[in-house]
Amino acid sequence: MTERWFPDAMPSPAVTDDTRPFFDAALEHRLVIQRCASCGTHRHPPRPLCPYCHSFAAAWTEVPGTGTLFTYAVVHQALLPALVDVVPYVVAIVELDGTGGTRLTSNLVDAPLDSLRAGLPVEVTWEDMSPSLTLPRFRLRSER
Amino acid sequence: MSRKACVVGIGETAYTKRGAATEREYVLACRAILAALSDAGIDPAEVDGLAPFADERSSPWTLASDLGLRQLRFAATTAMPGGGGACGAMLEAAMAVESGQAEVVVVYRSLCQGQFARIGRTEATGGGDSSPTVMEAGLEADALQAFTAPFGVLGPSVMFALPMRRHMEVYGTTSEQLGHVAVTQRAHASRNPRAVMGPRPLTLADHQGARLVVDPYRLFDCCLETDGACAVVVTTAERASDGRGRPVAVLAAAEGTDGAQLGGAAANAGATATGYARGGAAGVARRLFGQAGVSPGDVDVAQLYDNFSGQVLLGLEDFGFCAPGESGPLAQSGALAWPDGSLPTNTAGGNLSEAYLQGLNHVIEGVRQLRGESTSQVADAEVCLVTSSPGIPTSAILLGRA
Numbered sequence: 043m044t045e046r047w048f049p050d051a052m053p054s055p056a057v058t059d060d061t062r063p064f065f066d067a068a069l070e071h072r073l074v075i076q077r078c079a080s081c082g083t084h085r086h087p088p089r090p091l092c093p094y095c096h097s098f099a100a101a102w103t104e105v106p107g108t109g110t111l112f113t114y115a116v117v118h119q120a121l122l123p124a125l126v127d128v129v130p131y132v133v134a135i136v137e138l139d140g141t142g143g144t145r146l147t148s149n150l151v152d153a154p155l156d157s158l159r160a161g162l163p164v165e166v167t168w169e170d171m172s173p174s175l176t177l178p179r180f181r182l183r184s185e186r
Numbered sequence: 016m017s018r019k020a021c022v023v024g025i026g027e028t029a030y031t032k033r034g035a036a037t038e039r040e041y042v043l044a045c046r047a048i049l050a051a052l053s054d055a056g057i058d059p060a061e062v063d064g065l066a067p068f069a070d071e072r073s074s075p076w077t078l079a080s081d082l083g084l085r086q087l088r089f090a091a092t093t094a095m096p097g098g099g100g101a102c103g104a105m106l107e108a109a110m111a112v113e114s115g116q117a118e119v120v121v122v123y124r125s126l127c128q129g130q131f132a133r134i135g136r137t138e139a140t141g142g143g144d145s146s147p148t149v150m151e152a153g154l155e156a157d158a159l160q161a162f163t164a165p166f167g168v169l170g171p172s173v174m175f176a177l178p179m180r181r182h183m184e185v186y187g188t189t190s191e192q193l194g195h196v197a198v199t200q201r202a203h204a205s206r207n208p209r210a211v212m213g214p215r216p217l218t219l220a221d222h223q224g225a226r227l228v229v230d231p232y233r234l235f236d237c238c239l240e241t242d243g244a245c246a247v248v249v250t251t252a253e254r255a256s257d258g259r260g261r262p263v264a265v266l267a268a269a270e271g272t273d274g275a276q277l278g279g280a281a282a283n284a285g286a287t288a289t290g291y292a293r294g295g296a297a298g299v300a301r302r303l304f305g306q307a308g309v310s311p312g313d314v315d316v317a318q319l320y321d322n323f324s325g326q327v328l329l330g331l332e333d334f335g336f337c338a339p340g341e342s343g344p345l346a347q348s349g350a351l352a353w354p355d356g357s358l359p360t361n362t363a364g365g366n367l368s369e370a371y372l373q374g375l376n377h378v379i380e381g382v383r384q385l386r387g388e389s390t391s392q393v394a395d396a397e398v399c400l401v402t403s404s405p406g407i408p409t410s411a412i413l414l415g416r417a
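So the sequence lines, in the order shown, correspond to chains P and D. In terms of our numbering, the first sequence is residues 43 to 186. In terms of our numbering, the second sequence is residues 16 to 417.
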């Protein structure tokens, strides 16, 4: 098991046909992003069709998991009882490298709260929440 | 006379802190509607349309029966969600009376967060210390939450903090500028006897010293949690000319969203990088001003949706009162303050300081301004802009003298 940052009582995602490849890959600690199999445009969150060419065919691309912090919010109020000992935590919107600007909602862990700013380089790390669920989190990356 | 839509009645129950209402939410809905009809001088039997919005629990069908409507001819709920819908409900009502589908439509909202789930918390979607909550993905909108809630995006405070932080990063908007919004609205509330926070003065130092809820939002950047209900009566100009009230014209109404905001910023679905820190209502604004043949410079007073202080800033930008990125300095300059600001805004205190009725109270304050009855009355007000929530599919109206 990996390091843990969030409690077991976090909401667990319901998996649909559209999103199963994302979560299956995460179990293997691989970050994959959906692309339109017809026009190649990245899209996230995974959706059943491409809003640009309306193809229902999807492909999946493994990405390196590096990117930059696009925006963030530091949550100080425990919005679930199980988060009382976790706050403050950082919700991070990460712009992923190699995806045409695709952004992922995740968390920035182990980062000093007083030095956060958009543009910081980050890289994926993984949190095994249960035998059937692994989620991507992000850490600050020292080199660009 | 024309069938042009007019507001002829407004009504509300007492607004109280969450949990302080002594009657059930549904009873408050009935009382607010009867108060608005009394204000309009219209017999409840003559109401033939009802237009709720958001997740309204008081259903038009039971209200039609309990209020003794002779005949319900029209009932519709705008699909603009939550706080995006108050002005959309006004659009439904205006379309109904202007098309002849109905003669008298009541727009209403009853919301007692002390009796049901709190909107700002995740109790409704479960979560607890013992067992993990497996989310349901029955609806596509819920499916998007699989990419937000497991990461702690557990309520509006997180959802709306993300684009505001981006606004601060890109444009240099500051927490103090957000504080000016909150402090200005509290000053307006101090003159409004209905305002829940009216008796509690707020200084910029108080704002800056308050605890962080979700950085960048501090306690007084967040809307209230209250109990109450309110209602607005819409009919035609022709019918209004017979009434005893002073009608206020619905000059224009529009709803929708720019593509960049579909799904909301927290989920990232569809939002472009340049559209991320915008409210997504620029298209609504263009259509609204176009319909009425007026420009932002013609607006004398505004009620801009404020579930969080920064949402007011996004409203100022989307509706053309300043360029993107300039709303923080505009608020800091005192522009939003009554009586001396160039655009007195949220003159009853808004969601931050009057009560949280998801913006129908903003419509009511707009009507009061045009009747000359506001407790922060803008002299000779002729045009009032009322907006619903930025950052989600939304709506807006322009009110004017009939």
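Quick caveat, the hints were computed from the structure, so don't treat them as lab data. Fair warning: this is a prediction, and the values are worked out from it, not measured in the lab. Positions of the beta carbon are idealized from the N, C-alpha and C atoms, including for glycine. The reader is advised that the hints may include incorrect statements.
Said to hold, decoys possible - Only pairs whose alpha carbons sit at most 25 Å apart, straight line, appear in this in silico SDA-like list of lysine to any residue:
(1) D/Lys32 <-> P/His118
(2) D/Lys32 <-> D/Ala220
(3) D/Lys19 <-> D/Glu61
(4) D/Lys32 <-> D/Val185
(5) D/Lys32 <-> P/Ala120
(6) D/Lys32 <-> D/Leu219
(7) D/Lys32 <-> P/Asp152
(8) D/Lys19 <-> D/Arg416
(9) D/Lys19 <-> D/Arg88
As the list claims (entries may be wrong) - Between beta-carbon pairs, the in silico distance windows are:
(10) P/Asp170 <-> D/Pro216: 44 to 52 Å
(11) P/Gly143 <-> D/Ala220: 37 to 45 Å
(12) P/Arg183 <-> D/Gly340: 23 to 31 Å
Right, here's what the structure says about each hint:
| no. | hint | in the structure |
| --- | --- | --- |
| 1 | D/Lys32 <-> P/His118 | 23 Å, holds |
| 2 | D/Lys32 <-> D/Ala220 | 24 Å, holds |
| 3 | D/Lys19 <-> D/Glu61 | 18 Å, holds |
| 4 | D/Lys32 <-> D/Val185 | 36 Å, violated |
| 5 | D/Lys32 <-> P/Ala120 | 21 Å, holds |
| 6 | D/Lys32 <-> D/Leu219 | 23 Å, holds |
| 7 | D/Lys32 <-> P/Asp152 | 38 Å, violated |
| 8 | D/Lys19 <-> D/Arg416 | 12 Å, holds |
| 9 | D/Lys19 <-> D/Arg88 | 18 Å, holds |
| 10 | P/Asp170 <-> D/Pro216: 44 to 52 Å | 51 Å, holds |
| 11 | P/Gly143 <-> D/Ala220: 37 to 45 Å | 41 Å, holds |
| 12 | P/Arg183 <-> D/Gly340: 23 to 31 Å | 29 Å, holds |
Of the numbered hints given earlier, the model fails hints 4 and 7; all others are met.
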